[in-house]
Structure formats: structure tokens, C-alpha cells
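Visitor: Chain A is fixed; fit chain B onto it per the hints.
Residue numbers (our numbering), protein chains in the order written: chain A, 160 to 550; chain B, 160 to 550.
Hints in this document: simulated from the structure, not taken from any laboratory.
Some clues are possibly wrong.
Identical chains share a label here; the pair holds if one copy fits it or two copies do between them.
Unchecked claim - The list that follows gives simulated cross-link-like pairs (lysine-lysine, DSSO-like), each with its CA atoms no further than 27 Å apart:
hint, residue 1, residue 2
1, Lys-194, Lys-473
2, Lys-244, Lys-473
3, Lys-519, Lys-399
4, Lys-406, Lys-519
5, Lys-496, Lys-406
Okay, here's what each chain looks like letter by letter:
There are 2 protein chains.
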Amino acid sequence: MTDIAADILNTIRKVIDHAGSFTALHIPVFEGNEKRYLAECVDSNFVSSIGEFVDRFEGMLAAFTGVKKAVLCVNGTAALHICLKMSGVERDDEVLMPALTFIATANAVSYCGAVPHFIDIEERTLGTDPRKLEEYLDEIAELRDGACYNKLTGRRMRAILPMHTFGHPVDMDPLMEIGRNYNLAVIEDAAESLGSYYKGMHTGGFGKLGILSFNGNKIITTGGGGAILTNDEDMAGLIKHVTTTAKVPHPWEFYHDMLGYNYRMPALNAALGCAQMEKLPEFIAKKRLLAERYAAAFADLDGVRFFTEPAFAKSNYWLNTLILDRDYAEQRDEVLKVTNSNGIMTRPAWTLMEYLPMYKDCPRMNLDIAEDLVRRIINIPSSANLITDKL
Amino acid sequence: MTDIAADILNTIRKVIDHAGSFTALHIPVFEGNEKRYLAECVDSNFVSSIGEFVDRFEGMLAAFTGVKKAVLCVNGTAALHICLKMSGVERDDEVLMPALTFIATANAVSYCGAVPHFIDIEERTLGTDPRKLEEYLDEIAELRDGACYNKLTGRRMRAILPMHTFGHPVDMDPLMEIGRNYNLAVIEDAAESLGSYYKGMHTGGFGKLGILSFNGNKIITTGGGGAILTNDEDMAGLIKHVTTTAKVPHPWEFYHDMLGYNYRMPALNAALGCAQMEKLPEFIAKKRLLAERYAAAFADLDGVRFFTEPAFAKSNYWLNTLILDRDYAEQRDEVLKVTNSNGIMTRPAWTLMEYLPMYKDCPRMNLDIAEDLVRRIINIPSSANLITDKL
Numbered sequence: 160m161t162d163i164a165a166d167i168l169n170t171i172r173k174v175i176d177h178a179g180s181f182t183a184l185h186i187p188v189f190e191g192n193e194k195r196y197l198a199e200c201v202d203s204n205f206v207s208s209i210g211e212f213v214d215r216f217e218g219m220l221a222a223f224t225g226v227k228k229a230v231l232c233v234n235g236t237a238a239l240h241i242c243l244k245m246s247g248v249e250r251d252d253e254v255l256m257p258a259l260t261f262i263a264t265a266n267a268v269s270y271c272g273a274v275p276h277f278i279d280i281e282e283r284t285l286g287t288d289p290r291k292l293e294e295y296l297d298e299i300a301e302l303r304d305g306a307c308y309n310k311l312t313g314r315r316m317r318a319i320l321p322m323h324t325f326g327h328p329v330d331m332d333p334l335m336e337i338g339r340n341y342n343l344a345v346i347e348d349a350a351e352s353l354g355s356y357y358k359g360m361h362t363g364g365f366g367k368l369g370i371l372s373f374n375g376n377k378i379i380t381t382g383g384g385g386a387i388l389t390n391d392e393d394m395a396g397l398i399k400h401v402t403t404t405a406k407v408p409h410p411w412e413f414y415h416d417m418l419g420y421n422y423r424m425p426a427l428n429a430a431l432g433c434a435q436m437e438k439l440p441e442f443i444a445k446k447r448l449l450a451e452r453y454a455a456a457f458a459d460l461d462g463v464r465f466f467t468e469p470a471f472a473k474s475n476y477w478l479n480t481l482i483l484d485r486d487y488a489e490q491r492d493e494v495l496k497v498t499n500s501n502g503i504m505t506r507p508a509w510t511l512m513e514y515l516p517m518y519k520d521c522p523r524m525n526l527d528i529a530e531d532l533v534r535r536i537i538n539i540p541s542s543a544n545l546i547t548d549k550l
Numbered sequence: 160m161t162d163i164a165a166d167i168l169n170t171i172r173k174v175i176d177h178a179g180s181f182t183a184l185h186i187p188v189f190e191g192n193e194k195r196y197l198a199e200c201v202d203s204n205f206v207s208s209i210g211e212f213v214d215r216f217e218g219m220l221a222a223f224t225g226v227k228k229a230v231l232c233v234n235g236t237a238a239l240h241i242c243l244k245m246s247g248v249e250r251d252d253e254v255l256m257p258a259l260t261f262i263a264t265a266n267a268v269s270y271c272g273a274v275p276h277f278i279d280i281e282e283r284t285l286g287t288d289p290r291k292l293e294e295y296l297d298e299i300a301e302l303r304d305g306a307c308y309n310k311l312t313g314r315r316m317r318a319i320l321p322m323h324t325f326g327h328p329v330d331m332d333p334l335m336e337i338g339r340n341y342n343l344a345v346i347e348d349a350a351e352s353l354g355s356y357y358k359g360m361h362t363g364g365f366g367k368l369g370i371l372s373f374n375g376n377k378i379i380t381t382g383g384g385g386a387i388l389t390n391d392e393d394m395a396g397l398i399k400h401v402t403t404t405a406k407v408p409h410p411w412e413f414y415h416d417m418l419g420y421n422y423r424m425p426a427l428n429a430a431l432g433c434a435q436m437e438k439l440p441e442f443i444a445k446k447r448l449l450a451e452r453y454a455a456a457f458a459d460l461d462g463v464r465f466f467t468e469p470a471f472a473k474s475n476y477w478l479n480t481l482i483l484d485r486d487y488a489e490q491r492d493e494v495l496k497v498t499n500s501n502g503i504m505t506r507p508a509w510t511l512m513e514y515l516p517m518y519k520d521c522p523r524m525n526l527d528i529a530e531d532l533v534r535r536i537i538n539i540p541s542s543a544n545l546i547t548d549k550l
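In isolation and in its complexed conformation, chain A is listed as follows (with noise of 0.2 Å):
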């Protein structure tokens, strides 16, 4: 076997020799109108809850995506609460989510008193496998007056809430079958997927709602922030009346006709958005500029390989990823620490949501794909800064 480390961290510093002592995993990157619209933002006292960049930022949303209508959120968790909420989802539900995803996936179900319920991913996308969630639910579904409920369980099964994991669009048309069939909403999380394409059309927009995410350590970022996206418009007005506390408009008087949220962007956030949202499309050549080099680079190494978009997909390439062999998932740690330790940051998968204290009895179905991945998989550098060729 071969010093499968060494070669990994060779292989890395060979795509980004330019880098300087430390190189992260993801860092945002404010070339742009970030500052002019930052001090136009608080010259106009309008930071808060209403003002021009939230809309403006909106309005980008929606044209870039292609979708109708684009509904700020102070953050992707949020975002997923209220499309869950929208959706129907209520205590003692289930919803269907991969295995393999970030926390905020599994807790967005929790906090409206339901339940993850945990499917398998494939390992061409790293995202939920809708073949063998067919036959799962061929076997525990039942459809009673139309709901579906889960046979072994007793509850609702409500929506399905894949995942596009890395910003790798996950098998979305057989997915959207699966919705009709069993009448279960599809809530696309597509917080990592910003710019990222399933069949030509932009992830996020396949279901009756979508999630973006912009954290700092995403292709965009707010500092914090999020949206949901929709192509129904009476349903992007009742998103934006729920997130903005449920006032009913009024001069002066206070008055909320249903539980509210707050749940906004401010618009100090939503004016850096604007400023990144003029840089996305350099950002997303850069990072499918910079994927392209280690996929090179990684060809001819042994015992690894780096992670490509599936066949349907044009992706944004939000992390980087490696996949070690099965014989080297031994060394995953090994190559963890040698590259963090010479200032590479790496860094493995999430952990399985069936393996956190909270989520430990929530139903699942088998996860050997999930299972085996998890040990596998490593994050490389992905930062659009990392390519430095003028575009």
C-alpha cells in the first residue's frame, strides 16, 4: 500500500501551490460591492427587517435560480422550518431525509415536533438513492384517504427532504415520481447547491419548495442567511407573512393573524448578498475551474479518487471531495491529520444522524451505502480564491 497520506497532501498542494501557510476549507471571498453596499445600506437607515437590499437581493435570487419568487430567511435552518411547517408537517410526523446530511436538516424536523426518518444515499450523487427509497416504501408505506403512513410506525409520513450534498444534485426526477405517488411534499435542501443544475434546471426549484443557504463557509455569503424558493406566489406571500412575525399590514396597528416567526434577513445582510450575487458566476467557474485540476491531479493516484459530478448534473463544486478506496478507509484519520497538520484543512463527512444521542431511535432504513461512504469521504479545499487565472 502506498503512503496514501503523503500522496494525498502532495497531490492537494500540487492544484494549490499558490496558497499561502493555511489554507481552509471554505472562506468567502469579498472582492466586490461589499463594502460600498454595506455603508450605502447604513446610509440609508434601512438595516433592518425592511428595506431596498432585501428586495433587491430577492429579485437577484429569483432571476438567477429561475425560480418565481425567492422568500429571505435569516438562515438555511430557518428556511427548511418554514418549508416544513408550509408543507404540513406537524407533531408526530415523519419526514424522509438522508443519513448523510448537516444537522440543521434533522433539527428543522424536530423543531416542528416530528421525526427524521433516515434513507440511504447512492454514491453517484452522495445524496438520497430514489431507487431504493421506492422499494422502501413499496414495503413500509401505506396510502390511507390519500395520506401515507408508515406501516411499522403508525405515523404520517409528510415530505421527503433530499439533500443536494456538496452541492451535488441529488436523482431529482425519479424523486419528484416518488412525491406523487405517495403523496409526499419535496422539500429540496439545496443550502450547499447554489448555481448547481439538475437536467439544466437550477436545484431548488423542483419541489413545491426549496432552501439556499449562506453561511459564511458557502458559495455566497450573508454572514448568515438563507432563502426559500418557490414557483407558487401565493405561497412566496404566506412564506413571507409567517417569516415576518404574521403582521397584517396597517399603519399603525399591531395586529397578527397566525403564529408568525422571525425569521427575516436583515437588510444589512441581504446587501452583501447583493454584492456576492454580482460575483457568482466568476465564483461557481472558479470552483468547477479549481475541481477540474484535482480531478486531474487525482487521476492517476491510487487508492483515491476525486468525486465528480453525476451524469445529469452541472455542479457548483461547493466542497471538494475525495473518496478514499475501501482498502485506505483505514487511513482516513491518517490523512486528516497529516494535511490539517501542514495547513491543508480537510475534513471528513458530517457524522450519521443515526449516531447522534438525539436522533439515535428515530426510524431508518438500511444505510449500508451511507455507512460505508461516511469513512470514505474527505473535503478538500474549495475556496473560489484558490484560482487565481483571471476568468
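Guide: Showing chain B alone in chain A's frame:
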């Protein structure tokens, strides 16, 4: 009867005669280091969940309030939600809170699956009346094994949530005693009272937990934001953990040991907060001077009085407040119309919680004082920049 609407309009104008053609109720003032710190924050690249400005703003808040620890949150609503969680509020518990408050107080209780229980206010503070509350609890509360139950509903009562209305401190000493006697956590909603003191101590630090808000309409703003105050350092550590997704620190592993929330304030917003904190003493001085001028101007006007701080308090006068005499209560909407249509923004107090559809069936005591006052309260322009004197 006099033409109270015209009289009020003219009296407000006398105090703020230098203002332009439109005077808002409360706008932020950005005359310090706001733009500089925002630019520094962008330059540092740490705009998101961690960053120097987060620590700095937390330190400034603790120093200013004299409470040991401040933990930043994404907004005051989120801060309240966490305080309730940390106080053990669970599904189907009851939380005692004033009927007169902003919707966030009640919504935060709902987010826990708990039930708001509305209590009356006193005219002296516009907040919770501890004497009336004590009499009420004497009647309806029952202690069993140290836990407090509502004899009428059978539900456990877990906490009291006083709110310092318009910045004026509630009478905390008797409230704290009620908390001790009935084993109810006291959580101070000090969203409006940064810079307000009860018997020389800053509001928000009396109970085990208190919250602040930095929404755009508050005495200082971070765009959107809030903080939790506590003198319990272990509790502060747990709150930081739970508001930042409950991730256990590790160089690369993602392990979350409990249900957490994405309630962090981004560093970008904290940067604005640091600049605003530097100006807070000036804002307080100006707002108190403005209140003094209003008090003098309204002293001789029949039919209305200017609300002044309770004897035990020093208030930030967040929102200056007129109270119409009962004979003039019917003219409230006329006053609102005349002032607003003449470029002076005014508004009534919030709709009492029990009149909102989602809270109409909640338990409540007799609310005579709140019912009476809510028809007579009018908030008038209160921004710090309405005082142009050099202080």
C-alpha cells in the same frame, strides 16, 4: 372638550420643531464607527458565526449591563425561545406573561409547545403587576412536590416572563419573590430596556435569564439581533452551545450532542453592534432629555399625560408614551390619524395578546388595567437624533 388631536400634534411639534417633514417613531442613528467596523469585519473575512466582533460585542454588553455573561443571538425572539428552553419549559406547560407585549413574547412560548397565560399590568410601569399576580396565584396555583400547577387547567406553570414596556422597568423585587415562592423561573424580556435600571441595577439581570433585542427600532441596532443575559457562567456556556447547533468542539468531526439551534448572530451584525454600543450612553442621555422636554411640554395639556419612569427606575425612554384621559379614549384614532397624516409618526400599543386568533383561548386573569390602558396609549417619536444639542 378640547381638540385633543390638534393639541397633541402641536405639542409634539414644539418639542421636535427642527425635524423635517416626516418624523418616524424610532430610527437608528449611525454617527459612529458603524461603517468602519463593517469594513473591518469584511476585511477580516470573518463575517459569519465566529469572529472577533462577536466576542467584543458580548464583552461590551456584559460590561455595560453588569451582568456576567451576554450571549448573542440572531434576534430577541430566538433569545426568548432559548431562555424558555433553558428554564425547562416543555410542551403543554404554561408561562405567565403580560397581555400587553409585542407578539414575540407569546410566540416564543408557543415555539416550546407551551401555552401563554396572560396577566394584567399596572399603570405605574405599564408592565406586570406583581400584587395582582400574587393574589391571582394565591387563588389558582398549587404547589405539588415543589412544582407549580394551575388548578384550573391542570397544567404545570413553569415561568414568569415580565416585559419592560417601552423601556420602563417592571417592579422586579416582588416579582422575584413570587418566582421563589411559586418555583417559577423569572425570565426578563428586556428587549426594549437596554439602558434602563431598576433600583440602580440594569434590567435583564434579575432573573436567572434575561434577553435584549437589537432590532432596527431599538435603542441600538444590529440590523436584527438579540442577546441572552445571565449571571450563571455555566448556563452561558450551555446557551452558547445550544444556540450554535450544539456541535462538540473538534478540529474536524461534526458531532452534535443535543438538539441545537442555529441562533448565532453573524459577526457582521455584531460589528454594527460594537459601533452602536460606543454610542449607547449618548443615545440614552439624548432620549432622556427628549423625554424631559416632552414631559414639560405636555405638563399643562388637558386630556393627556406624558408617561414618566416609575420612582424606582431610571428608564431609557425607548418609546415615549402619552396616555389619554379616559374621557378622551374615544379620540385615540383621531389623534393617530391627525399626527400620522401630518408627518409625525405615532402608534397605539400592541393589540392585547388575547385578541389575537392564535391566543384567544389561552388562560388569563382579569385584565382590566391592560384593557383600559391599551385604548389610551399613544407612542410618539423617540429617536435619539431628535435631540440635536451637543451633550
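Visitor: Using 27 Å as the alpha-carbon threshold, which applies to Lys-194 and Lys-473: within, between, both, or neither?
Guide: Classified as neither; 31 Å inside a copy, 38 Å across copies.
Visitor: Using 27 Å as the alpha carbon limit, work out where Lys-244 and Lys-473 are close: within a copy, between copies, both or neither.
Guide: For Lys-244 and Lys-473, the Cα distance exceeds 27 Å both inside one copy (30 Å) and across copies (43 Å).
Visitor: Quick one: Lys-406 to Lys-519, C-alpha cut-off 27 Å, is that within a copy, between copies, both, or neither?
Guide: Between. Shortest inter-copy distance 16 Å satisfies the 27 Å Cα cut-off; intra-copy 39 Å does not.
Visitor: For Lys-496 and Lys-406, with the copy left unspecified, which applies at a CA distance of at most 27 Å: within, between, both, or neither?
Guide: between (52 Å within a copy, 20 Å between copies)
Visitor: Are the CA atoms of Lys-519 and Lys-399 at most 27 Å apart within a copy, between copies, both, or neither?
Guide: between (34 Å within a copy, 24 Å between copies)
Hint violations for this structure: numbers 1, 2, all remaining hints satisfied.
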